[in-house]
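Enquirer: Modelling step: build the complete structure from the supplied sequences, incorporating the hints.
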Amino acid sequence: MTKPIWVVLVVVTCAASAHLFAADSEKEAAIVAQTVTGPAVSESRDVGGGGYQFVLTNGVARVPVVVVGGTPYQMGWHLGRLLQPEIQQFIPAAVAGLKQKLNVSDAQLDHVWATTAAFTDLRFAQELVGLADGSGVPVRTLQQAHCLPLLAPYSCSSVAVWGKASSDGHLYQTLSFRIWRRPLRKTRRENPGAQPGSASRSGAYLERQRPDGRVRSQRAAQCGLQ
40 MTKPIWVVLV VVTCAASAHL FAADSEKEAA IVAQTVTGPA VSESRDVGGG
90 GYQFVLTNGV ARVPVVVVGG TPYQMGWHLG RLLQPEIQQF IPAAVAGLKQ
140 KLNVSDAQLD HVWATTAAFT DLRFAQELVG LADGSGVPVR TLQQAHCLPL
190 LAPYSCSSVA VWGKASSDGH LYQTLSFRIW RRPLRKTRRE NPGAQPGSAS
240 RSGAYLERQR PDGRVRSQRA AQCGLQ
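Each residue of the sequence shown is one higher than the one before, counting from 40 in our numbering.
All the pointers check out, no bait thrown in.
What follows is a set of in silico ranges between Cβ atoms, one per label pair, in the way DEER data are often shown:
no.: 1; residue 1: Ala259; residue 2: Ser205; range: 15 to 23 Å
no.: 2; residue 1: Val198; residue 2: Asp145; range: 33 to 41 Å
no.: 3; residue 1: Ala135; residue 2: Asp207; range: 41 to 49 Å
no.: 4; residue 1: Asp207; residue 2: Asp145; range: 43 to 51 Å
no.: 5; residue 1: Val254; residue 2: Asn142; range: 37 to 45 Å
no.: 6; residue 1: Ala157; residue 2: Ser206; range: 35 to 43 Å
no.: 7; residue 1: Lys203; residue 2: Val254; range: 17 to 25 Å
no.: 8; residue 1: Arg255; residue 2: Phe158; range: 24 to 32 Å
no.: 9; residue 1: Ser144; residue 2: Asp207; range: 46 to 54 Å
no.: 10; residue 1: Val200; residue 2: Gly89; range: 31 to 39 Å
no.: 11; residue 1: Val104; residue 2: Ser205; range: 17 to 25 Å
no.: 12; residue 1: Thr96; residue 2: Pro124; range: 16 to 24 Å
no.: 13; residue 1: Val200; residue 2: Pro124; range: 36 to 44 Å
no.: 14; residue 1: Thr159; residue 2: Ala199; range: 15 to 23 Å
Everything labelled a hint here was simulated from the structure, so no lab data went into it.
No residue lacks a Cβ here, since even glycine has one placed at the ideal position from N, Cα and C.
Expert: Here it is in structure tokens:
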């Protein structure tokens, strides 16, 4: 009886493995099909919401601030519209430079997007489509910009504390992300005449999000990177 049972188990295992492989292949194919046109947007592309920008100053220090509100798509669209020149200057150059530096192809980056998109919050995908529509930068290029860090050999550290771990009970989060240092220096060299405090000079800015029905947030960011 041992041999027949063993054979049955092998057959069942192989059949199950084949079914799972086929399911994974179908899912990846569906995601890859969206790579060029952009991820699915379940909401309408209604350009509502709102956005504006200003500069915080403290002596010689100047920090560009962008405030956006609405649905994920609307926040992405307003961010893209407000920072359109900076995003158009920074993202294509950064993607091209890093692709050459890391020796990766469009097909490899498409595969990375297809692999990770299934585990990414749909709100991020919606915001990225809005960012593409608002800035005029192709969504595929923006997708590649977000995939490149996953392939890069870089060091990164982050800390998040809240409750009893912080002195006032509030949430504090910090991230040391060194991969963009080289592209940012390149951006400064290519645009030496940019005004201090403008996002175009360093690619960096402070973003305040006021999403519909959700908690407001604030973060430091690079033009075109969510």
